[in-house]
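Chemist: With the hints as your guide, set chain B onto chain A.
Chains as they are written, first to last, in our numbering: chain A, 1052 to 1262; chain B, 26 to 555.
FYI, nobody ran anything at the bench for these hints, they're computed from the structure.
No experiment lies behind these values; they were computed from the predicted model shown.
Treat the hints with care, as some may be off.
Claimed, not checked - Distance ranges between label pairs, derived from CB positions: (1) A/1207 x B/297: 37 to 43 Å; (2) A/1237 x B/163: 45 to 51 Å; (3) A/1114 x B/213: 45 to 51 Å; (4) B/297 x A/1258: 51 to 57 Å; (5) A/1221 x B/297: 31 to 37 Å.
Even for Gly, the Cβ is constructed at its ideal location relative to N, Cα and C.
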Amino acid sequence: MMKFERLFVGFVLLFAYASASSNEHAGHQQEQAVPDKHAAHRAAMQKTRYSATIENYSVADVELIDQLGTSVSLRTLLESDQPIALNFIFTTCTTICPVMTATFSQMRRELGDAGSELRLVSISIDPEYDRPDKLKAYAEQFQAGAGWDFLTGDSADVVQVLKSFDSYAGSKMNHQPITLLKSPDSASWIRIDGLASGKDLANEVTARLLD
Amino acid sequence: MPKPRVLGLLPLLAVILFGCDSGSSPSDSADLPSADAGRRMYREGILPSGEPMTAIVAGDVPIMGTQFSCESCHGRSGMGAAEGQYIVPPIAGQFLFAPSPQPKRPAYTQESLARLLRDGETPGGRNLGELMPLYKLTDDEVAAMTVYLAGLSSALSPGVDDKFIRFATVITDDVSAEEREAVLAVLNTFVEEKNRNTRLESERWDRGNTPASRLPTVHRDWVIEEWALTGPSETWNEQLEQRYRDAPVFGMLGGLSNSPWGPISNFCERNEIPCLFPGTDLAEAGEDDFYTLYYSRGLNLEAGLIAHHLDEQSVSNVIQVFCGAGPAQAAAGLRGLLDSKQVSVEDVEFDCRDTPPADFAERLASAPDTALVLWLAPGHVAGIANTLPSSSVYLSSTLLAGEFNEPVLSMPGPVFVAHPYRLPGQSDPALARFSAWAKTRGIELSAPRRQSEAFFACLALKDVVAHMGRFFIREYALDTLDHAQSLVAYLPFYPRPTLGPQQRFMNKGGYVLPIKNGQVVTDEAAWILP
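Bound-form chain B, shown alone:
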């Protein structure tokens, strides 16, 4: 047999057992197909030649790897999934290259994997159903896939040992001490209770005489620590890397910042660390980002709502007033959206310690087709409310912290609030559940949205950790969340969240609510998905 065919199981076992990747294998490493080539096939459906993989599915339907890939169904982790009545089996190396008791089959070899991929026949003699495509692959391509699958999810992720699973919550120094303590109280209480409830699990496994009682426990105590970031955001990455080097974590849980979350999300993406549900209104994610899951786009979502609403008005100029990094980012987002619609935008930026300048009021009065967007907190709105002419005014519900009070309610012009949350007055069962939980634990609700978000993050994580069983693999955790649509019932504040592969923002839309006669009008509120 020519050399590549010899591959068989031996180097594979080396990969599986010793965790070394193909490049660092001691001997004939030059002849090993690259795991990178297999990875591209698995994730993107692209062959080493650069051509898309081709296959037949459902009997006679030709498909290409660019339409869907192995990852589309089996997940980033290769740990499989279930959807409706269809079960997608795990194909990570530790499953594929080991005998399976149910359904019964021997371990795959490269040869039997080739037969499966090409003809749909398992080494147990079973036929896979109509959902598994039958691929056209050369031996070399199967070899590359073999190497990739052998290494896929083969080792437990960092941040876990046989007793503990570690998490960090990132809090930046622009967050008030009160808010920080309010949120930490939720996280710490939840984790303490979780650990207390499972404190005997680690002693349980070696007792009793049944085989099941002798299996090592899947329970781990959770450890959560605060990673406090200080100084300008350009220095955050270095601080994060340092903390991570000192003591790696399995994932990030919650978090708090008033500055854009991008640098933290980039850190997570680069180190492949799940970053679950940070408390930020300045979410940033690249098109292909995988590791950070947000509640929503935050202020950028509000910018989208406002742009959508402006579309239906005859407005040709917009003046936006703002201070601080977050509102500046929202303003930049809105400007970008309006630029493409031939609306001219003027920015009025001021120092947050000052009162907003009001010299634009005169210009507004003389230009009837001008709308005013105030990316302002209640205090700043109060500072200029009585100087405004009767132009349309847009406000941010997030920056108003959901407070629809005077003077907002009696401003002269038509007033609209971008509101990506449940309607005021609408019941919020998840918030009620959290409030009861907090009350019985003596936690004061001083930052209800951030606190209840942190509580949701804990619930979601608990669900995911339970689902993972003994397979503490980060990508598996995220694949699990992609399919955990039922979790959204526990999410407070946001009315229509969905989870799914590629979906990195749970809540995608919102309302633009008019204020009329001193009241927020919700009767005809339309859900907008910008």
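So here's chain A without its partners, still in its complex pose:
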């Protein structure tokens, strides 16, 4: 709730979105002079909004497990020489998680070959229920494919991870839409608050991680 104001700092136009590398994500919604059948549709599409900030985090040094049951050192994974996109989800979430997961898929499609190096990481914030088998089924449901790890672990460790990313909301029911990006060349993270579209995320990744 405290982050509410910060969330709407950025206001991004999907179509009029020109400078992906700009730190100032501000713009106006294009007015449609003549109302037409799809005005509402377009307006809805233009309404995705998010803010991007640069943050320094000390990633919790914990062992998690992936959807295949393999043990993973989170720090090692995130300090690899690949660009990283990370989010927090849980498989029985009823609002933003399925959308965020589908958005990650779409971001990959948007990036195409250029994004083949990008490593996607989705960490469950409901580790008691989301065991590897559940995450594997979820990954298949969203056709996640290779290069996308779904992680779970001990609930205390997951809380530590959330806290280290300043993303702990107390209960899974207060879950916020957050995407974290990291370039292998930099120690800092780009934090995206809000539900960005697949293209927004792809643009951010291209501008900040792949160039």
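Modeler: Okay, now just chain B, sitting in the frame of chain A:
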């Protein structure tokens, strides 16, 4: 206009007002789209053609109905939910097809519903946010959805009238009289107090001059009755159906049995009756079951813990000793888990009235890679404890009733206890709260786990009933519980419960605790989620 387009609101209103489903409409019923088709779209995201629904969400993200459906967000009841800063509005017919004051919009028609589903525009001219997918749907598909939504949660569930809401607690005849009375004392006291506290509510609404004071009361007196089941479990369903026919209940509250709960859960599933938190260690639920919520898988969870622990030992044979229906089910569960791991399993079953046979002890002595699993109560453990060689022994904390005494503490081999509860010695604030409640009401704690579970079930139900307001709809009650994660703070005994859609067992894991030098060792206890 061709016939299907005429649908509009009239048949809908018929459905909403008269509660008749589309199939039994008097006149042009053949032309009405089927509510079943709409239901499949709503729940599973599958079109009448069998193809998944497709949509765009968050601006440009394509999704399929098989990834998430209407139900995923709006709930089984269509009564909506809230998660974090996002509010998912109710879309059940009585809301959708009626004008809304806030945010202001006229009632939906089939046409405006189509516009909403396809373009995200409400008849009030508002745009829905980025979370609502924009669907690709034909007119016929929208019509099917319209019919389904019109009927969804349109009538109050059975077991409620304008004065009472009725619940049953099922108790089977294999439960001791002492335990039965201990648990009934909790349920009855809680319900009596609840009713006493709201006894004037039903008289209050028609007094005063403000509009609010003239609204009918949302309060109902709770009625709880015991449904005692007798005889073999194959006959339970018939007994339940009979009780239900005689006087339907809104839901089941708590319950007690030492036999597998499956037949009761099946009854609830078939009649769409919420069955909230039965006192059983033999939980059974199908993959898609919705109506029964359990504390945990019980003994099957312990079997999972033991199998997980055995994985890390060099054990190739397991002998399990048990008597009675519950332990037999746990043993079968463990056998199933070990079969897939190439561990051979030998079952030693005996009559519970006898002492367990000890003739397997010799075989154990000559096979060092054999572990012994004793699905036994303390009395039976005592019967064979001194005949055991120094093999690994696994015990069930549930069957030991949490008692870690002699002779368990001084058995020769390495001893492990499967323990899906809080660690011994760990504080349990919810249990303390219950104990204080019981003490001030003169209720003796003769079955603390079952009694405190029943107390939790009451607290949870009270929360849910308050949340439902005047919408006494069973699926809404269950949707509400799915989102009531904050309730788990009131759950005694179980350390890491979570609630959520599809989650039908609150507590999912446990410990395997070693016993060393006459003591249960908890220092390095690892939480296992089998």
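Chemist: Are the hints correct? Go through all of them and say.
Modeler: Each hint tested on the structure:
1. A/1207 x B/297: 37 to 43 Å: holds, 38 Å
2. A/1237 x B/163: 45 to 51 Å: holds, 49 Å
3. A/1114 x B/213: 45 to 51 Å: Between residue 1114 of chain A and residue 213 of chain B, where Cβ atoms are some 49 Å apart, the hint holds.
4. B/297 x A/1258: 51 to 57 Å: holds, 52 Å
5. A/1221 x B/297: 31 to 37 Å: Taking Cβ atoms as reference, residue 1221 of chain A and residue 297 of chain B lie about 34 Å apart, which means the hint holds.
Of the numbered hints stated above, none is contradicted by the structure.
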